[in-house]
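Undergrad: Guided by the hints, dock chains E and A onto chain D, whose structure is given.
As a plain string of letters, each chain reads:
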Amino acid sequence: MAKKDSSRRDFISWFLGGGTLATLGAIAYPAMRFINPPESGEANVSQLKLPFGRPEIQAEPSNGKTFKFGRDLGIIVLTEAGDLRAFAATCTHLDCTVQHRPDLGILWCSCHNGRYDLDGGNISGPPPRPLEKYVVNEVGDDIFIKKEEV
Amino acid sequence: MKKLIFILILFVPVLVLAGQNNCLTCHQDFEDDDGPSHIFSRDVHSQKGIGCVDCHGGDASLEDMDEVREVRGYRGVPSHREVPDFCARCHSDATYMRNHNPALATDQLDKYKTSVHGERLYRNNDKKVANCISCHSVHEMGNGKMPHSSTHPFNIPYTCGKCHSNPEYMAEYGIATDQLHNFEQSVHGKALLEKRDAGAPACNDCHSNHGAAPPGTENLAAVCGTCHALEAELFVKSPHNDAFNEKNFPMCETCHSNHLVVKPSDAMIGDKPPSVCIRCHSDNDGTKGLETAKAFRGMIDMVVAGREEAHIALREAITKGMMTTDEELRLKEVDQALIQTRTQVHSFNMEDMSPHAVLGKALTDTVKANSAGLIDEYYFRRKGLGLASLFITLMAIGLYIKIRRLP
Amino acid sequence: MSASNSGKDESLISKGYDWIDSRFKIDALVEYMSHKVVPLHSHSIFYYLGGITLFLFLIQVASGILLLMYYRPGADSAYESVRFIISEVEFGWLVRAIHSWSANLMVFGAFIHMFTVFFTKAYRAPRELTWFSGIGLLALCMTFGFSGYLLPWNELAFFATRVGTGMAGAVPVIGEQLLIVMRGGEGVTGATIGRFFGLHVAILPAAFTVLLTIHLAAVQRQGMSEPVDWVNKPESEKKYMKFFPHFIYRDALVWLIVLNILALLAVIFPDGIGVVHWPLGEKADLFGVPPAVIRPEWYFMFAFQALKMLPAHVWFLEGELFGIIAFSVGGLLWAMVPFLDRKSVKGKEPKLVMAFGVFVVIFILAMTIVGYLVE
Numbered sequence: 001m002a003k004k005d006s007s008r009r010d011f012i013s014w015f016l017g018g019g020t021l022a023t024l025g026a027i028a029y030p031a032m033r034f035i036n037p038p039e040s041g042e043a044n045v046s047q048l049k050l051p052f053g054r055p056e057i058q059a060e061p062s063n064g065k066t067f068k069f070g071r072d073l074g075i076i077v078l079t080e081a082g083d084l085r086a087f088a089a090t091c092t093h094l095d096c097t098v099q100h101r102p103d104l105g106i107l108w109c110s111c112h113n114g115r116y117d118l119d120g121g122n123i124s125g126p127p128p129r130p131l132e133k134y135v136v137n138e139v140g141d142d143i144f145i146k147k148e149e150v
Numbered sequence: 001m002k003k004l005i006f007i008l009i010l011f012v013p014v015l016v017l018a019g020q021n022n023c024l025t026c027h028q029d030f031e032d033d034d035g036p037s038h039i040f041s042r043d044v045h046s047q048k049g050i051g052c053v054d055c056h057g058g059d060a061s062l063e064d065m066d067e068v069r070e071v072r073g074y075r076g077v078p079s080h081r082e083v084p085d086f087c088a089r090c091h092s093d094a095t096y097m098r099n100h101n102p103a104l105a106t107d108q109l110d111k112y113k114t115s116v117h118g119e120r121l122y123r124n125n126d127k128k129v130a131n132c133i134s135c136h137s138v139h140e141m142g143n144g145k146m147p148h149s150s151t152h153p154f155n156i157p158y159t160c161g162k163c164h165s166n167p168e169y170m171a172e173y174g175i176a177t178d179q180l181h182n183f184e185q186s187v188h189g190k191a192l193l194e195k196r197d198a199g200a201p202a203c204n205d206c207h208s209n210h211g212a213a214p215p216g217t218e219n220l221a222a223v224c225g226t227c228h229a230l231e232a233e234l235f236v237k238s239p240h241n242d243a244f245n246e247k248n249f250p251m252c253e254t255c256h257s258n259h260l261v262v263k264p265s266d267a268m269i270g271d272k273p274p275s276v277c278i279r280c281h282s283d284n285d286g287t288k289g290l291e292t293a294k295a296f297r298g299m300i301d302m303v304v305a306g307r308e309e310a311h312i313a314l315r316e317a318i319t320k321g322m323m324t325t326d327e328e329l330r331l332k333e334v335d336q337a338l339i340q341t342r343t344q345v346h347s348f349n350m351e352d353m354s355p356h357a358v359l360g361k362a363l364t365d366t367v368k369a370n371s372a373g374l375i376d377e378y379y380f381r382r383k384g385l386g387l388a389s390l391f392i393t394l395m396a397i398g399l400y401i402k403i404r405r406l407p
Numbered sequence: 001m002s003a004s005n006s007g008k009d010e011s012l013i014s015k016g017y018d019w020i021d022s023r024f025k026i027d028a029l030v031e032y033m034s035h036k037v038v039p040l041h042s043h044s045i046f047y048y049l050g051g052i053t054l055f056l057f058l059i060q061v062a063s064g065i066l067l068l069m070y071y072r073p074g075a076d077s078a079y080e081s082v083r084f085i086i087s088e089v090e091f092g093w094l095v096r097a098i099h100s101w102s103a104n105l106m107v108f109g110a111f112i113h114m115f116t117v118f119f120t121k122a123y124r125a126p127r128e129l130t131w132f133s134g135i136g137l138l139a140l141c142m143t144f145g146f147s148g149y150l151l152p153w154n155e156l157a158f159f160a161t162r163v164g165t166g167m168a169g170a171v172p173v174i175g176e177q178l179l180i181v182m183r184g185g186e187g188v189t190g191a192t193i194g195r196f197f198g199l200h201v202a203i204l205p206a207a208f209t210v211l212l213t214i215h216l217a218a219v220q221r222q223g224m225s226e227p228v229d230w231v232n233k234p235e236s237e238k239k240y241m242k243f244f245p246h247f248i249y250r251d252a253l254v255w256l257i258v259l260n261i262l263a264l265l266a267v268i269f270p271d272g273i274g275v276v277h278w279p280l281g282e283k284a285d286l287f288g289v290p291p292a293v294i295r296p297e298w299y300f301m302f303a304f305q306a307l308k309m310l311p312a313h314v315w316f317l318e319g320e321l322f323g324i325i326a327f328s329v330g331g332l333l334w335a336m337v338p339f340l341d342r343k344s345v346k347g348k349e350p351k352l353v354m355a356f357g358v359f360v361v362i363f364i365l366a367m368t369i370v371g372y373l374v375e
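Protein chains in written order, with this note's numbering: chain D, 1 to 150; chain E, 1 to 407; chain A, 1 to 375.
Chain D on its own, in the form it takes in the complex (with noise of 0.2 Å):
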């Protein structure tokens, strides 16, 4: 009696330490995978760091490229002059995205002809606002992109 009594008792406690264990492991887990640091490392804030530099934007046939910028679509170009300037690609007319033409140095909207110049201007076409212009910083290879002061 008093053997099977005390077999019983040993079966409690390893079920409650197997429940312990299990329990610390079910908290334990999430935890640590939420220390393990994501891919993207840090969370982009205001400022962006384009995951590409000059000679991917050089690549493009059109010298622009497009890039997310929090919830926007923003687009990079390469002037002539070699400056490099960023604004929201999204037509202020229809919500098309504009692109580059730098046979026209112009940024262009195809659905309705949009133009805008490269300081964000709606020139011609149905366009009724500018272009929100982003501020471009180059440390090194790498692009920053950030929001313009208001």
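In case anyone wonders, no lab produced these hints; they're calculated from the structure.
Everything numeric in this text was worked out from a predicted model, so none of it was measured.
Some hints here could point you the wrong way.
[What the hints assert, rightly or not] Distance ranges between label pairs, derived from CB positions:
id	chain 1	residue 1	chain 2	residue 2	range
1	E	Val358	D	Pro51	43 to 51 Å
2	A	Ser14	E	Lys320	51 to 59 Å
3	E	Val358	D	Asp141	42 to 50 Å
4	E	Arg405	A	Phe269	48 to 56 Å
5	D	Leu104	E	Tyr74	47 to 55 Å
Ideal Cβ placement from N, Cα and C applies to all residues, glycine included.
TA: Chains E and A in isolation, oriented as in the chain D frame:
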């Protein structure tokens, strides 16, 4: 000092009288409330300080109307035919205009003379044809930026429609009068009049304003291409350009109609009605026309169907409360690829179109895959919860038994 | 717990115990603990409420430390980093959900704990200090909630904080200055995040730890309060449970149940549910249009609603000022209840004090309900 003030006071009534516009004093007496003298304060000229005598001549300081008519340079009321020159006295005078409204062009009269309106006025002495004031109104003229002006983009269709949609008035000219009605149904009319998009074209954007005339069939690419530049560019380079010219088909209009240009649908392409391709092409016409049309339609349908599926997958991920902003942004790129695919139809060349369609499809596949991944993640969370919950429950049960066994 | 499984373990553990005991004399502590008892009666269940709140606080500390690894205060990084946590960091959504759920449950737990203590008159001498420290802890809890609410720098938080801090402006004399100190300037800006962040992760935890230590030390030293009518009960009729292991085990069981509920809520409703919700939504826009309904968190609702319902003027005072004075006086009375109630120590029912308690509960419930019903 006192003397000076006295003299000044003495002169005040004279100064006031000299500045007074005697035209209005009399004309307001005998004109109705909507007469020129009453409404002129709303006129853009009045707001710029240009008064009655600047156009009509005479002398505003005179009190007797008969005396006014005697003044040198008194022009009175111009006849219908005289109106264009009456306005052009200032509006075609570059020096004068520079001092009053430097941004305004001074070629309106020259253009008017090239318009159907101007030609008929001067050649046929047509008294019904539009002159300046028919469109601009008179004595309460505005400019294109004033919302109540007859030349504001939102009002232009009705300004033109005043005559052009009046069958009785237009009867003797033998032209259609359904333009305004058609325009109102068109994608342009809806954008302009319903969505209040001032960037959408009104009558004058295609027909010109002072030089108003129907555009020539071959020049449609230039007219429509003002906004639809890529479509026009592609079309001109396509084999259809020569074929249309040969048959004297107006290029854009043949498929899209003119005033009634509705939002194009994918059904316009393909080898079955209501495709517009089958109006000319048939199976055995010796061209690859229908074959290409069918392939185009297949491409577009592929992207559209892919986008629909991506939307459904994404919506499920959204309703499950997952973070989907990246995919929403990617769907915008899909939209862009679809626009480009549809635009490339105007090249009538499979090689130009397919890369856009393939890109669009690839993007929709990515959205679908990622959304499915998010949905999987959702279920993974539930399963993980189940497992964790089970562990906690096991531990709780163990503890409970232990408590029950305490002495 | 599984020490009895093998002799090797046992010897190791007992060796470790001996090593520590020889230096810190914990035998005395264990001896002390083993004599501790918890009264057994129909309201014994209330004894677990403080423990639940403590457990939720520990979860707050743990999940808060985790969030701290990725969170970056500042107007142009706060929102982005929270968004990063819930979208990019693995289980980031879970940690945020746990932190938010646990915060709300902790405030709720603390409130219930306080009211049960109040109505069982457990605040009476000699436990005045426990009561005072408890009131302080609740105040800190609510400040924790208020400051933490702004940190994601989203629309919801921005406008609620603007309204919330705006009320401080009605405080007489120092109102204006208080407002500026709270906000770090005239308006709610990035400077406010800095302040609230410092408050939330440094000042409040430090203050909380001090008060909590006092609170727990007092509870441990004095033991659980016995029901008022036990004063006149013969010893033979009083029942007790051993604190260790009986009460501790039960406490642990309750904690596990709470943990399970918390996990369930966090996974199924990561953004909260009903009026207790915290979707990230849009980033705060300083010049944006406020949403139609700005609501504070539920535990501020009664105060918010009461202040809103006050007329523009009460006597010669401005409505809002009157409200703040009334709340201050009410709060002070509530905190001073161990001194106001002279009867319960003698085993008698303090009718007036209890009536005041009932009034406070009804007032808070009614105002909260009204607050959610209007609009």
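Undergrad: Does the Cβ pair Ser14(A), Lys320(E) satisfy 51 to 59 Å?
TA: 52 Å, holds
Undergrad: Given the range 42 to 50 Å, decide if the beta-carbon distance of Val358(E) to Asp141(D) lies inside it.
TA: 32 Å, violated
Undergrad: Assuming the hint says 47 to 55 Å, is it satisfied by the Cβ distance from Leu104(D) to Tyr74(E) or not?
TA: 54 Å, holds
Undergrad: Could you say whether the range 48 to 56 Å given as a hint is met by the Cβ separation of Arg405(E) and Phe269(A)?
TA: 37 Å, violated
Undergrad: Is it true that the C-beta distance of Val358(E) to Pro51(D) lies inside 43 to 51 Å, as the hint says?
TA: Violated, at about 23 Å.
Of the numbered hints stated above, those contradicted by the structure are hints 1, 3, 4, listed in ascending order.
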